[in-house]
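Student: Each chain, written out:
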Amino acid sequence: MKIKKNVAISESGFIFNPTTGDSFSTNPIGLEIIRMLKDEKSKDEIRKAILGKYITDESTFEKDYYDFVMMLVNNQVGDDSE
Amino acid sequence: MKQKITVAVSGLNNIDSPGPGIPVIRALKESNNFDVRIIGLSYETLEPGLYMHHLVDKSYQIPLPSAGIDALLERLTYIHNQEKLDVIIPNFDAELANFMKIENRIKADLGISMFLPTQEQFDERHKANLYEFGEAHGVSVPYSKMMFSTAEIPSITTEFTYPMVVKGRFYEAYIAYNAEQVANYFNKLSAKWGLPIIIQEYVFGSEVNVTALGDGKGNAISAVPMRKLFITDKGKAWAGISLDDSELVDIANKVISSSKWRGGMELEFIKTAENKYYLLEINPRFPAWVYLAAGCGHNQPEALVKLALGQNVEPFGNYEIGKMFIRYSYDMIVDLKEFEQISTVGEL
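Protein sequence lines correspond, in order, to chains A and B. Under the working numbering, residues 8 to 89 are what the first sequence spells out, in order. Under the working numbering, residues 2 to 349 are what the second sequence spells out, in order.
Extracted from the complex, chain B is given alone in its bound form (with noise of 0.2 Å):
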């Protein structure tokens, strides 16, 4: 007999840069322990994720991360009381840092499990210290550099040789094949994103990813690899594939068993010509694509809700390999009063 419970989760943007709610989702509703309910956590009225009645139970709005961690406690308080939520997934990195300061205090006062890394997990690997992480965990990483200003370009390129990737610091990256660039980069991305900047060395190769869950005792629960076999102008997958990589999964199991990485996360590289592998991004959320990783046999929100709960969870083994997802595009139709109901009353 499955175990009813209630989980949050946000990144209902199932767009074409889609936030990973719909497949943890989906993945959880295939669970063989839970028989779940889901209460869909979103920020605007147009998420496709608060339309798809058949994923997502019941909707709330929730502040904007900008309004801090007391107007989240509130909204958390008062949606726990109208639903009794065991788990909440959050799944956007912006949002990150709030849920990560009330897990404690939302676990004693309302009794709702996250599973998040730690603040000290979260700052090493943000793309401003990944190449710090990179040497303190063994793993190779292009070398980046912060700008906070476009008057530090002419000094960067005693440092980086051209072509070099412009990131913003939470979301894009361009690649800049002179100083004009680099600049019109930085103003676009500081504008969206803020400061600082991330300049990293430019590598080239092929671009394959894992996603994988940390139990945070430095157990790898699971790590399933996936190359991208279609790329959108926004670089997101639309299609991709489970990989037989085992290096790639041991470098993954590495960076999980040095930082006792806690919860999902997702590690992007770049294979180069010579099969060596440069880490390029941690991201500390599941992956868009995290649904195929339970394709092939590894639920890993499943998992990640077990861990959450307190409940045992052993590494899952092989998955399998050479199954694909492929993305599509749907259309709903959906009901004025529908759309009137989430802008006005925030609930739906």
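Isolated chain A (complex conformation) (with noise of 0.2 Å):
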């Protein structure tokens, strides 16, 4: 999954799709996560980075990545042809 080229996303969680003109709001895992996907990172180095991070475990990880994702491409933010 790859997050749009244009896609506006600013230091407070605030993201902006130019194309649609729809705006969201994220915490400040999302937001990491969202710039990690920007820079192109694989889903494994996203799960090794959040694990590392904080405490979870690998299935809630899981669900709620599968879930954020789904999230993003459904609002145009993401591009999941990859």
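These aren't lab readings, by the way, just hints derived from the structure by calculation. Because the structure is a prediction, the values reported are computed rather than measured. Cβ coordinates follow ideal geometry from the N, Cα and C atoms, glycine included. Be a bit skeptical, because a hint or two may be false.
[Stated by the list, open to error] A partial selection of chain A residues facing chain B, derived with a Cβ cut-off under 7 Å:
1. Ser19
2. Pro25
3. Thr26
4. Phe31
5. Ala56
Reassemble the complex: the two chains are provided individually, in unrelated frames, and hints are given to aid placement.
Tutor: Right, here's the structure in full:
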């Protein structure tokens, strides 16, 4: 999954998609994940980073990551053609 | 040094379904090239723009379009004798036909310039002809058909499925889910705007609009796309944001280039979930949100005035993306004397 190139992401977690005009806000962990996706990190790299930094388990990460990524795709912030 | 000019502008009805007059005036007042004196042209005595003296220097009532071109010419000649008009920008769909008819005459007789679409362009983009317009210019348009009587309702179900869109000749549109609703909307719209009524295929998606300016030679001077963020119960944008949508701008450029559109215009589209664009409507004048274009760096009304005066205008190029407009309402306190003056003398 890739974050679309023209999507603007601010320090505060405010996300603006200039193609659709939609804007969203995300919490700090969501912002971290989006930044990693924007840097084209793989899902494995993101998993390692999150599990290494926060107290959570693999299955919770899997579920929440999938939900989050689907939300990004549905809102046209991300592109899952990869 | 700025060039001093006098521009007459109509559409001063800055109400919940606003005319484009006040946004056009605001853009002109911010011109880098012109020092503009604004003459307001109004039809009603309660058009708020009449009383906005910081924007409108002097106002005159003009006859309703139904009075015809002779009455309009006579009134414009009177106003010109007082104010020495350089340019007129009419902003109502319903008045455009009359102004188009007299464009050459007032240029020759009074020296007043306008920059309006040709009669052919005006007719071609009419709601009733838009499907054919789309086919001619290679733009997707929902299938539509004119209806002149409620007796035609049973037959339209063979060509359309519910829901379908029932549109008035000039303004307003409703979504009908059954034959009863089609009949109700037919009667409501025909009583208000006359015949024909247009039945249009319903396309589901989000509405995106473009305000644009064509130079009449096939060049798009500017095209700025916007998505409505807040819509009133009349379907008007109360807030919106400029978009980074090159495909939409390309379609607008294609329409302008192919039709050699002359003047300001608004293109209304539906963007489907599959990212396909359907052209719903072309309004033959600037929209009420045209000030957003000026806010994005494309002062379209100023460019239109330059074109009207025969000056060279190059396409603007890039515009600012992610700029928003948010409308608000504002209560002006007006002295009864002013209302009396516009009501009795027709000038303010």
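Student: Determine for every hint whether it applies to the structure shown.
Tutor: Tested hints:
no. : hint  : in the structure
1   : Ser19 : violated, 15 Å
2   : Pro25 : holds, 4 Å
3   : Thr26 : holds, 6 Å
4   : Phe31 : violated, 13 Å
5   : Ala56 : violated, 30 Å
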